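Student: Below are the chains, spelled out letter by letter.
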Amino acid sequence: MIVNDCFISAPGKAILHGEHAVVHGKVALAVCLNLRTYLRLRATTNGKVCINLPNIDTFLSWDLDEVKQLNPHPCGQSEELNCLDHEIVRRLRDFVGVVDGKLDTGNMAILAFLYIYISLFGSGELPSLTMSVWSELPTGAGLGSSAAYSVCLAAALLCACGAIPVPLKETDHTARWCQEDLELINSWAFKGEMIIHGNPSGVDNAVGTWGGMLRFVVGKIIPLSRVPLLRILLTNTKVPRSTKVLVARVKDKINKFPSIMIPVLDSVDGISCTCEKVLSEMTSEPITGEHYNILEELIDINQHHLNVMGVGHPTLDTLCRVTLTRGLHSKLTGAGGGGCGITLLRPETDSLVVQRTAQDLKDCGFDCWETSIGGPGVQQHSPVSIKQEVLDILNKY
Amino acid sequence: MFVAILHGEHAVVHGKVALAVCLNLRTYLRLRATTNGKVCINLPNIDTFLSWDLDEVKQLNPHPCGQSEELNCLDHEIVRRLRDFVGVVDGKLDTGNMAILAFLYIYISLFGSGELPSLTMSVWSELPTGAGLGSSAAYSVCLAAALLCACGAIPVPLKETDHTARWCQEDLELINSWAFKGEMIIHGNPSGVDNAVGTWGGMLRFVVGKIIPLSRVPLLRILLTNTKVPRSTKVLVARVKDKINKFPSIMIPVLDSVDGISCTCEKVLSEMTSEPITGEHYNILEELIDINQHHLNVMGVGHPTLDTLCRVTLTRGLHSKLTGAGGGGCGITLLRPETDSLVVQRTAQDLKDCGFDCWETSIGGPGVQQHSPVSIKQEVLDILNKY
Chain A
1 MIVNDCFISA
11 PGKAILHGEH
21 AVVHGKVALA
31 VCLNLRTYLR
41 LRATTNGKVC
51 INLPNIDTFL
61 SWDLDEVKQL
71 NPHPCGQSEE
81 LNCLDHEIVR
91 RLRDFVGVVD
101 GKLDTGNMAI
111 LAFLYIYISL
121 FGSGELPSLT
131 MSVWSELPTG
141 AGLGSSAAYS
151 VCLAAALLCA
161 CGAIPVPLKE
171 TDHTARWCQE
181 DLELINSWAF
191 KGEMIIHGNP
201 SGVDNAVGTW
211 GGMLRFVVGK
221 IIPLSRVPLL
231 RILLTNTKVP
241 RSTKVLVARV
251 KDKINKFPSI
261 MIPVLDSVDG
271 ISCTCEKVLS
281 EMTSEPITGE
291 HYNILEELID
301 INQHHLNVMG
311 VGHPTLDTLC
321 RVTLTRGLHS
331 KLTGAGGGGC
341 GITLLRPETD
351 SLVVQRTAQD
361 LKDCGFDCWE
371 TSIGGPGVQQ
381 HSPVSIKQEV
391 LDILNKY
Chain B
1 MFVAILHGEH
11 AVVHGKVALA
21 VCLNLRTYLR
31 LRATTNGKVC
41 INLPNIDTFL
51 SWDLDEVKQL
61 NPHPCGQSEE
71 LNCLDHEIVR
81 RLRDFVGVVD
91 GKLDTGNMAI
101 LAFLYIYISL
111 FGSGELPSLT
121 MSVWSELPTG
131 AGLGSSAAYS
141 VCLAAALLCA
151 CGAIPVPLKE
161 TDHTARWCQE
171 DLELINSWAF
181 KGEMIIHGNP
191 SGVDNAVGTW
201 GGMLRFVVGK
211 IIPLSRVPLL
221 RILLTNTKVP
231 RSTKVLVARV
241 KDKINKFPSI
251 MIPVLDSVDG
261 ISCTCEKVLS
271 EMTSEPITGE
281 HYNILEELID
291 INQHHLNVMG
301 VGHPTLDTLC
311 RVTLTRGLHS
321 KLTGAGGGGC
331 GITLLRPETD
341 SLVVQRTAQD
351 LKDCGFDCWE
361 TSIGGPGVQQ
371 HSPVSIKQEV
381 LDILNKY
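Protein chains in written order, with UniProt numbering: chain A, 1 to 397; chain B, 1 to 387.
Since no wrong hints were added, every one of them can be taken at face value.
Capping the alpha-carbon separation at 30 Å, the derived lysine-lysine pairs in DSSO-like fashion look like this: (1) B:243 - A:277; (2) B:228 - B:377; (3) A:220 - B:246.
Derived from the structure by calculation, the hints contain no laboratory data. Source: prediction; values computed, not measured.
All chains, please: the whole structure from these sequences, using the hints.
Tutor: See the structure below:
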């Protein structure tokens with residue numbers, strides 16, 4: 001294995017505008033959320049593969065001999081780009097002990113790891129290693145935590161097998177890969193997502209890989225060149241909901257009132273396009289208060305449209321009202337019906353206001369993080385550039 | 001009767017369909033022939049009580065030979081003389097002045113060529129003025145109907161045994177055109193919707209200058225709430241226009257959606273008069289109210305008091321939207337047939353606790369009508385009987 005000890009992180013993702021409308025062919029904007037998943041990959045000499053996922057209380061290890069048997073194609077058959085090798089998947093599911101098709105988070109994370117590990121190393125000598133992952137992202141909240149994991153996994157294992165270089169120089173704090181390498185990382189991350197999700201859109205892993213913001217519509221994902229870093233509060237109402245149910249609810253409403261709902265979808269498309277334009281202006285001219293005023297107006301309008309589509313929730317109304325009392329503008333992000341919301345902070349929003357707003361939201365029973373959107377995608381870290389509390393966890397294993 | 005917009009306010013300015021409904025909070029007018037040689041006007045709502053000798057009034061008519069009226073225009077010579085007479089200085093008209101002007105204009109125009117009758121007119125309104133609910137139009141419609149009866153241009157429809165009675169289509173059109181003149185005097189440039197609703201009642205669809213009374217609509221119970229937050233319709237209309245110009249790709253579809261709401265609502269209300277009314281009909285009406293309220297917020301005419309109104313009523317399971325200009329002003333809350341009076345009372349109380357005024361009434365009721373005294377609420381009758 002080429003890598004001795006590397007630290008890699010990838011961001012989560014939030015939808016800035018266009019959720020739900022995108023299902024019906026409209027433009028959506030996905031942004032990278034600077035709450036990150038960190039992965040440490042260490043070469044070892046104990047002849048084992050060890051995986052530590054403390055977030056989900058999953059700690060496993062196997063002897064290399066056990067793992068070697070899993071590869072059905074010891075001669076290294078070539079991978080098709082966007083498909084899974086179902087023979088490998090089947091064997092892995094038996095190995096991991098998946099019964100009756102029921103997969104829990106731990107199983108899925110392990111499967112994704114083993115699939116990529118087997119596929120990349122399977123034809124040669126399997127390396128003995130220990131992988132530890134810690135995430136700042138809540139799982140199951142629609143914030144791309146599984147994709148952040150898959151992206152880290154892909155980057156780490158591709159480095160380990162030499163398919164991509166290790167970009168970190170001695171003096172660097174962080175380093176990123178070139179476009180071509182990012183595309184390779186992204187395609188393997190997508191496979192991880194296919195294992196975990198079954199039918200992923202590809203947006204989450206693209207955001208995790210490239211960072212910044214990307215525009216997506218009808219199967220086309222386009223990373224946008226430059227976007228400003230925007231401070232936000234991310235709030236989790238912790239109200240569980242089914243994305244499938246919510247998507248169906250929107251579809252039913254469109255079928256029930258087409259003359260009313262189809263224009264609303266068009267309006268959302270207009271919001272995404274207008275937002276992209278403003279963000280682009282913010283990278284090419286001096287940022288003004290008016291830029292932020294427009295971003296806030298767009299957030300408010302989109303939140304109304306999401307309520308019209310039927311994916312609102314009383315907790316989200318509370319979130320919006322509480323933040324508005326402090327002069328801040330919010331909208332749900334993702335599926336709605338509960339789940340998460342984002343609140344835009346302005347450059348002049350001082351930390352006391354931010355603290356108080358976060359406290360108000362916690363008093364409502366929500367979880368709340370101060371973070372930013374539009375930051376970097378997958379990157380390699382020197383240990384000094386990682387927050388101490390995360391480093392402490394990763395150093396345990 | 002007052003007017004509320006059910007759906008389509010603001011969007012209608014930009015060419016979309018709107019639905020105006022008649023509110024069953026009414027303006028009552030009493031006209032009494034007298035023998036004292038005076039014209040007396042009593043408008044207790046606005047503390048205005050005036051009287052003139054017939055001789056003073058007779059001088060006001062510049063065309064004693066009864067020149068014919070053009071249908072939708074004002075005779076500016078008459079208006080000018082009346083403004084001097086009433087004492088309008090520097091073009092400043094208060095509510096009292098305008099009400100008097102409207103009365104005198106119609107009185108002079110209808111009677112001017114013959115003998116002026118001595119009479120006393122008293123008016124009482126169930127709603128305060130200035131709430132954007134067509135109170136001036138309700139007054140103008142009553143005025144027109146009363147004076148047209150008095151001069152014999154239309155019959156007095158009430159039979160001995162009737163409680164209320166209405167006029168035929170042709171007479172209603174004459175009432176409406178004179179009411180519109182009253183509106184022109186009071187408003188300057190009225191849309192004509194308010195007086196049309198006041199005349200015909202029920203509901204009407206209006207779009208780009210076309211006003212179409214709808215044949216049959218169900219009577220719907222509502223709460224009418226006045227947040228009492230003052231606002232300028234002109235400012236709000238301009239705010240919407242600016243927003244459309246600023247974000248056309250976002251706002252123009254919203255206007256289209258409002259048009260869809262008005263059309264869908266009309267269809268449902270029509271179904272409710274031709275088939276048995278179901279819970280699903282009311283569910284749809286409530287959904288349309290919620291969606292339109294979101295769109296009005298998007299257009300920029302929301303207000304924190306209106307958010308409060310909507311939230312307070314929703315806590316009781318009732319759905320509301322602003323009606324009219326927004327930015328404060330009034331809201332309507334739909335009551336379902338099964339909404340029992342305890343819930344209605346509590347909701348009204350919740351709203352009053354917010355500092356709002358609140359009335360339980362209905363929409364889609366009758367337009368201008370003549371009453372026998374027994375069919376008028378006692379408290380109103382008591383007031384009108386004073387003069």
